[in-house]
Amino acid sequence: MARVAAKRPAAKKIEAPKRARLLIATRKGLWTLTTDASRRTWKLAGPAFLGHIVHHAMLDPRDGKTLLAAARTGHLGPTVFRSTDNGKTWKEAATPPAFDAGSGRVVDHTFWLTPGHASQPGVWFAGTSPQGLFRSDDGGVNWKGVAGFNAHPQRKAWCGGDQDGTPDGPKLHSILVDPRDPAHMYISMSSGGTFESTDGGADWHPLNQGVRADFQPNPDLEFGHDPHCVQFAGGNPDRLYMQNHCGLFRLDRPATRWTDIGTGMPKSVGYVGFPMVPHPHDADTAWIFPMDGSNVWPRISPGGKPAAYRTRDGGKTWKRQAEGMPKAQAWWTVKRQAMTIDRFPVAGVYFGTTSGELWGTRDEGRTWKCLAAHLPHIYAVVSV
Amino acid sequence: MDYRVAIPSPLRSYCDGAAAVTVACAARHPTLGDLLDGLDSAYPGIRFRMLDEQGKLRPHIKVFVNADVQRDPGARLPPLADVMIVAALSGG
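First to last, the protein sequences are chains D and W.
If you're matching positions, the first sequence starts at 11 in this note's numbering and goes up one per residue.
If you're matching positions, the second sequence starts at 224 in this note's numbering and goes up one per residue.
Among the hints, erroneous ones may be present.
Said to hold, decoys possible - Each computed DSS-like pair below joins lysine-lysine, with the alpha-carbon atoms no more than 27 Å apart: (1) 315/D / 329/D; (2) 38/D / 285/W; (3) 53/D / 22/D; (4) 154/D / 166/D; (5) 279/W / 166/D; (6) 75/D / 166/D; (7) 277/D / 337/D; (8) 53/D / 379/D; (9) 53/D / 75/D; (10) 329/D / 379/D; (11) 285/W / 23/D; (12) 98/D / 28/D; (13) 166/D / 101/D; (14) 379/D / 337/D; (15) 38/D / 279/W; (16) 315/D / 277/D; (17) 279/W / 154/D; (18) 285/W / 101/D.
Claimed, not checked - Across the chosen pairs, the derived CB separations fall in these ranges: (19) 98/D / 294/W: 35 to 45 Å; (20) 228/D / 291/W: 37 to 47 Å; (21) 278/W / 166/D: 17 to 27 Å; (22) 228/D / 252/W: 54 to 64 Å; (23) 227/W / 26/D: 54 to 64 Å; (24) 249/W / 104/D: 21 to 31 Å; (25) 27/D / 291/W: 51 to 61 Å.
These are computed hints drawn from the structure, not numbers from a lab.
All C-beta atoms, glycine included, are put in the ideal place defined by N, C-alpha and C.
Based on the provided sequences and hints, a complete structural model is requested.
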């Protein structure tokens, strides 16, 4: 009898979006950059909130029209603006993220915005500086602290004091909601480390085994690490990628020990950086944008030669991608929220610099082009 | 008692662009905090931009009561005092 080869299931066809849109959050306002499906010509619009420091902006993928922006000015307190018409009009949150009166803690700025699970329309999460976790159940109008984190008896031990942390203030960031289970979440903190909740935020536990913390006397810590950015792998929420202060790491759940994936980076470049950008459709592919972490930590492109690095094998190897970028004397800094990716089958990757340039590729990093210049210091670039 | 409050440009979006507004305080001996509460009732959201969640004035907000700087929201306001809010910021 002839054997019949088992048929492999046909690969799911990835529909190309009709357009791409980037939200560009800067130190002086919010801009948008849009293009059609060709991604050849881009149109810059804005600013909204001129003069405001916009740390993050995000579209609600559940309705495709609600936008939130985390903003403050140098003299005024932090707030969240929301639009329900894709940015045509904005209104301030009635109750922005704020710690409980009497807690002694003060939100300096809201740093990170994450829409909730698809099954929970209207739910959003916000991470602040200093480290706090907040939730809205009404699309960002009113925010309340997540007591399971903010009032956790270990929180202070995990985070240190509100004066500890990054130069611009300690931050809670990389709020990830498992697309299969709204009760399963991850948060990360600079500093503090990465934490997991399996009960919708009522309790949290550290998830940092295998992650280096070589700025601590005891580098094998349970918490106190400095993850810069943590993201789900595209199409596989059991895989997490991390750009850390001390290297590059990957975690494949249910394992709880991170794997060092920075050993394939050239020693002259190192493994320091801020963003981590996984491919939306390929769990083995991700991009980073290395920064100089030598000596006093300049945090600029090593040697003044900017480049992205891409892995296609889950971090075993990394390939330099710099075609089109300046070859020398380009001292760029790319912050942790300032690199993003669209959802095209051949993905476009984009990043913004603190010197106000927006760069992108529409061929997964083979060639790069400057899409916008002369913007203010870019804090975040978000593909929506 | 009514107080005239001068509003700095960064906060005028809350009061339809007005450079000064009148705020009524019902308390017999109103404090600066009562005045800012009254301001927030009339112009929701403005208070949190000036005071943090622990009730302290933010570092770059100054309030003059008549000619004197007042940073204590618990301080009593003199009758008929002129109140001026200043958003002081330097650098880029």
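For each hint, the structure was consulted:
1. Our distance criterion of 27 Å between C-alpha atoms is met by residue 315/D and residue 329/D, whose separation comes to about 15 Å.
2. For the proposed pair residue 38/D and residue 285/W, the alpha carbon gap of about 23 Å is at most 27 Å, so the pair holds.
3. Proximity of residue 53/D to residue 22/D is assessed by CA-CA distance (about 32 Å); at most 27 Å being required, the pair is judged violated.
4. Our distance criterion of 27 Å between C-alpha atoms is met by residue 154/D and residue 166/D, whose separation comes to about 19 Å.
5. Simply put, residue 279/W and residue 166/D have alpha-carbon atoms about 22 Å apart, close enough for the 27 Å limit, and the pair holds.
6. At roughly 37 Å between alpha-carbon atoms, residue 75/D and residue 166/D are farther apart than 27 Å, so this suggested pair is violated.
7. Straight-line distance between C-alpha atoms of residue 277/D and residue 337/D comes to about 19 Å, which keeps the hinted pair within the 27 Å bound.
8. The suggested pairing of residue 53/D with residue 379/D holds, with an alpha-carbon distance near 14 Å, which does not exceed 27 Å.
9. For the proposed pair residue 53/D and residue 75/D, the alpha carbon gap of about 19 Å is at most 27 Å, so the pair holds.
10. Restraint check for residue 329/D and residue 379/D: satisfied, since their Cα atoms lie roughly 18 Å apart, inside the 27 Å limit.
11. Note on residue 285/W and residue 23/D: the hinted pairing is violated, with a Cα-Cα distance of about 59 Å set against a maximum of 27 Å.
12. The straight-line distance between the Cα atoms of residue 98/D and residue 28/D is roughly 20 Å, inside the 27 Å bound, and the hint therefore holds.
13. For the hint linking residue 166/D to residue 101/D, the alpha-carbon distance of about 34 Å lies beyond 27 Å, and the restraint is violated.
14. A distance of roughly 13 Å separates the Cα atoms of residue 379/D and residue 337/D; the hinted pair therefore holds under the 27 Å criterion.
15. Restraint check: the Cα-Cα separation between residue 38/D and residue 279/W comes to about 26 Å, which is no more than 27 Å; the hinted pair holds.
16. Of the supplied pair hints, the one linking residue 315/D and residue 277/D holds, its CA atoms being roughly 15 Å apart against a limit of 27 Å.
17. Taken as a hint, the residue 279/W and residue 154/D pair is honoured in the structure, with Cα atoms around 20 Å apart against an allowance of 27 Å.
18. Between residue 285/W and residue 101/D, the direct Cα distance comes to roughly 26 Å. Compliance with the 27 Å bound is thereby established for this hinted pair.
19. Distance hint check: the CB atoms of residue 98/D and residue 294/W are about 40 Å apart, consistent with the given range 35 to 45 Å.
20. For residue 228/D and residue 291/W, the hinted distance range of 37 to 47 Å is not satisfied, since their beta carbons lie about 52 Å from each other.
21. Between residue 278/W and residue 166/D, the C-beta spacing of about 22 Å keeps the proposed range 17 to 27 Å intact.
22. For residue 228/D and residue 252/W, the hinted distance range of 54 to 64 Å is satisfied, since their beta carbons lie about 57 Å from each other.
23. Range check, residue 227/W to residue 26/D: about 60 Å between beta-carbon atoms, so the 54 to 64 Å window is met.
24. Under the hint 21 to 31 Å, the C-beta atoms of residue 249/W and residue 104/D, about 23 Å apart, fit the expected range.
25. Range check, residue 27/D to residue 291/W: about 59 Å between beta-carbon atoms, so the 51 to 61 Å window is met.
Checked against the numbered hints above, the structure violates hints 3, 6, 11, 13, 20; every other hint is satisfied.
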